[in-house]
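All chains should be built: construct the whole structure from the sequences, respecting the hints.
Protein sequences, first through last, are from chains L and F.
The UniProt record's numbering puts the first residue of the first sequence at 1, with every later residue one more than the last.
The UniProt record's numbering puts the first residue of the second sequence at 1, with every later residue one more than the last.
Check the hints yourself; a few may be wrong.
Where chains are identical, the list cannot tell them apart; a pair therefore holds if satisfied intra-copy or between any two copies.
List of simulated lysine to any residue pairs, SDA-like, C-alpha gap at most 20 Å [unchecked claim]:
| hint | residue 1 | residue 2 |
| --- | --- | --- |
| 1 | LYS120 | TYR71 |
| 2 | LYS54 | LYS84 |
| 3 | LYS43 | LYS84 |
| 4 | LYS144 | ASP70 |
| 5 | LYS43 | PRO81 |
| 6 | LYS84 | ASP42 |
| 7 | LYS54 | ASP42 |
| 8 | LYS194 | HIS117 |
| 9 | LYS48 | TYR199 |
| 10 | LYS144 | TYR71 |
| 11 | LYS15 | THR65 |
| 12 | LYS120 | LYS165 |
| 13 | LYS14 | SER33 |
| 14 | LYS14 | SER200 |
| 15 | LYS15 | HIS117 |
| 16 | LYS120 | SER33 |
| 17 | LYS120 | GLY193 |
| 18 | LYS120 | LYS144 |
| 19 | LYS120 | ILE195 |
| 20 | LYS2 | ASP146 |
| 21 | LYS54 | TYR72 |
| 22 | LYS48 | HIS24 |
Treat the hints as calculated values from the structure; they're not laboratory data.
Since the model is a prediction, treat every value here as computed from it, not as a measurement.
Listed below are the residues making up each chain.
Number of protein chains: 2
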Amino acid sequence: MKILIVGGNGTIGKKVKESLQDHHEIITAGRNSGDIHVDISDKNSIRKMFEQLKTVDACICTAGTGFYGDYYSMTEEDMLPGIKGKLIGQMNLVLIGKDFLSREGSFTLTSGIAAEHPAKNGTAVAMINGAINSFVLASAQELKNDLRINAVSPGLVEDSFERYKGLFPGYNLAPMNKVVNAYILSTEGGVNGKILKVYS
Amino acid sequence: MKILIVGGNGTIGKKVKESLQDHHEIITAGRNSGDIHVDISDKNSIRKMFEQLKTVDACICTAGTGFYGDYYSMTEEDMLPGIKGKLIGQMNLVLIGKDFLSREGSFTLTSGIAAEHPAKNGTAVAMINGAINSFVLASAQELKNDLRINAVSPGLVEDSFERYKGLFPGYNLAPMNKVVNAYILSTEGGVNGKILKVYS
Numbered sequence: 001m002k003i004l005i006v007g008g009n010g011t012i013g014k015k016v017k018e019s020l021q022d023h024h025e026i027i028t029a030g031r032n033s034g035d036i037h038v039d040i041s042d043k044n045s046i047r048k049m050f051e052q053l054k055t056v057d058a059c060i061c062t063a064g065t066g067f068y069g070d071y072y073s074m075t076e077e078d079m080l081p082g083i084k085g086k087l088i089g090q091m092n093l094v095l096i097g098k099d100f101l102s103r104e105g106s107f108t109l110t111s112g113i114a115a116e117h118p119a120k121n122g123t124a125v126a127m128i129n130g131a132i133n134s135f136v137l138a139s140a141q142e143l144k145n146d147l148r149i150n151a152v153s154p155g156l157v158e159d160s161f162e163r164y165k166g167l168f169p170g171y172n173l174a175p176m177n178k179v180v181n182a183y184i185l186s187t188e189g190g191v192n193g194k195i196l197k198v199y200s
Numbered sequence: 001m002k003i004l005i006v007g008g009n010g011t012i013g014k015k016v017k018e019s020l021q022d023h024h025e026i027i028t029a030g031r032n033s034g035d036i037h038v039d040i041s042d043k044n045s046i047r048k049m050f051e052q053l054k055t056v057d058a059c060i061c062t063a064g065t066g067f068y069g070d071y072y073s074m075t076e077e078d079m080l081p082g083i084k085g086k087l088i089g090q091m092n093l094v095l096i097g098k099d100f101l102s103r104e105g106s107f108t109l110t111s112g113i114a115a116e117h118p119a120k121n122g123t124a125v126a127m128i129n130g131a132i133n134s135f136v137l138a139s140a141q142e143l144k145n146d147l148r149i150n151a152v153s154p155g156l157v158e159d160s161f162e163r164y165k166g167l168f169p170g171y172n173l174a175p176m177n178k179v180v181n182a183y184i185l186s187t188e189g190g191v192n193g194k195i196l197k198v199y200s
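Rendered as C-alpha cells:
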C-alpha cells in the first residue's frame with residue numbers, strides 16, 4: 001500500500017512508520033519535515049498535498065496537539081490553534097482526502113484518552129479528542145467506495161513520558177508497540193468506525 | 001434560584017422554563033428573543049450579558065445547532081457556524097460565566113444523541129456533541145467554588161419531531177418530560193460531570 005503518515009516524524013508517527021515501512025510505500029508529511037510539507041490547519045495546504053500525491057491507499061494522521069494550561073485563565077484564543085489543527089485539520093484530511101483515496105482505502109485519525117479521562121489543565125485537548133471520536137463514528141457511515149475510518153485513542157504513550165509526565169500524574173503508560181498496533185489494525189485490518197483505545 | 005436559560009424560547013428551552021418558573025426567577029436569553037439578548041458565537045456578547053446580570057445561580061444552555069447536509073460536499077465553511085455557536089459558544093458560556101456564578105451554582109449544556117449514534121448527514125453535529133461531552137467531563141474537575149457542570153444529551157425530542165423527522169429515520173422520540181427532568185436534575189440536584197442521556 002501507499003501510506004501517507006501526516007506527522008510521520010513525530011513521537012508516534014515515526015514508530016508507526018518504522019513498523020509499516022518494510023511492507024509498504026510510506027510518505028511522511030509534516031509542517032517542517034517529512035517527504036512532503038503540509039500545514040493541516042490550512043485546507044488549501046491539505047488539498048495541495050493530495051493533488052501532489054494523486055492517490056493514496058491509507059492516510060494516517062498522528063499530527064496535532066492542543067492547549068494545556070490553567071482552566072481559569074483559558075480563553076477561546078488559547079483553544080483556537082488546537083481547534084484549527086488537531087480538530088478541523090484532521091476533519092479536513094478526511095473531507096478533502098476522501099476524493100483521493102483508493103477504493104477500500106482507510107483513514108486513521110488520532111484522538112486520546114482525555115476524551116473520557118481528561119487530565120487537569122487539559123480541557124481543550126479533551127474536547128478535541130471527544131470531537132474526533134464522534135466525527136469518526138459519523139464518517140464511517142458516510143464514506144463510500146468501501147473506505148474505512150477509525151480513531152486511535154492512546155493513553156500517555158511511553159515515548160512521551162519524559163516530555164509530559166508532569167501533566168499526567170497517575171496515568172499508566174501506553175506501550176509503544178500497542179499504540180503502533182492500533183494504527184496497523186486500522187490500516188491493514190477490516191475495522192471501521194472504531195475508537196481504538198490504547199489504555200485501560 | 002436565579003436561573004439563566006440561554007435559548008429559553010427554543011423548543012427545549014421553553015419547556016424547561018415552564019417547568020422551573022414557579023419556583024425560581026428565570027431569565028431567558030436569545031439572539032432575537034428573551035429577557036436579554038445574547039449571541040453566543042460572540043464572546044463579547046456573552047461577557048456583556050453576564051455583566052448585566054451581575055450574578056446567576058444556574059446557567060442552562062439549550063441554544064445552538066449545527067450543519068446537516070450531504071457529507072460528500074460538506075466543507076469546513078459549512079461546519080464553522082456550529083463550531084462557533086454550539087461548540088465554542090457553549091464553552092465560552094462556561095469559561096466566561098464561571099466568574100459570575102454564585103457559589104454552588106451550576107452549568108447545564110446541551111449535547112445530543114449524535115455524539116454516539118450519529119444520524120446520516122449529521123456528522124458536523126455529532127462532532128460538536130462529542131466535543132461538548134468531553135468538555136463537560138473535563139470542566140467538572142476544574143471548576144472551583146463548588147460549581148457543578150453537566151450536559152444533557154437528548155435524543156430526537158418529541159417537540160422537534162415534525163421539524164426533524166426526515167433527518168432521523170428510526171430514532172425513538174425522547175419524551176419532553178424526561179428531557180426537562182434532565183435539566184432539572186442538573187440544576188437542582190447534586191450531579192456533577194455527568195452526561196445525562198435522554199435516549200435508550
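Evaluated hints:
1. LYS120 to TYR71: Result: close within a single copy only, 8 Å intra versus 35 Å inter.
2. LYS54 to LYS84: So LYS54 and LYS84 fail the 20 Å test inside a copy (25 Å) and across (33 Å) alike.
3. LYS43 to LYS84: Cα proximity of LYS43 and LYS84: in one copy and across copies (10 Å, 18 Å).
4. LYS144 to ASP70: The answer is between: 12 Å across copies meets 20 Å, while 42 Å in one copy does not.
5. LYS43 to PRO81: both (14 Å within a copy, 17 Å between copies)
6. LYS84 to ASP42: both (8 Å within a copy, 18 Å between copies)
7. LYS54 to ASP42: within (19 Å within a copy, 40 Å between copies)
8. LYS194 to HIS117: both (18 Å within a copy, 13 Å between copies)
9. LYS48 to TYR199: Neither: 35 Å inside a copy, 43 Å across copies.
10. LYS144 to TYR71: Cα proximity of LYS144 and TYR71: across copies only (10 Å, versus 40 Å in one copy).
11. LYS15 to THR65: Within one copy, since 18 Å is at most 20 Å while 40 Å is not.
12. LYS120 to LYS165: within (12 Å within a copy, 40 Å between copies)
13. LYS14 to SER33: Within one copy only: 12 Å inside, 53 Å across.
14. LYS14 to SER200: Classified as neither: same-chain Cα gap 24 Å, cross-chain 42 Å, threshold 20 Å.
15. LYS15 to HIS117: Intra 25 Å, inter 33 Å, cutoff 20 Å: neither.
16. LYS120 to SER33: Cα proximity of LYS120 and SER33: none, with 31 Å in one copy and 37 Å across.
17. LYS120 to GLY193: The answer is between: 14 Å across copies meets 20 Å, while 29 Å in one copy does not.
18. LYS120 to LYS144: For LYS120 and LYS144, the Cα distance is within 20 Å only across copies (13 Å; inside one copy 39 Å).
19. LYS120 to ILE195: between (23 Å within a copy, 19 Å between copies)
20. LYS2 to ASP146: This pair counts as within: shortest intra-copy Cα distance 17 Å, inter-copy 53 Å.
21. LYS54 to TYR72: between (46 Å within a copy, 19 Å between copies)
22. LYS48 to HIS24: neither (23 Å within a copy, 56 Å between copies)
Checked against the numbered hints above, the structure violates hints 2, 9, 14, 15, 16 and 22; every other hint is satisfied.
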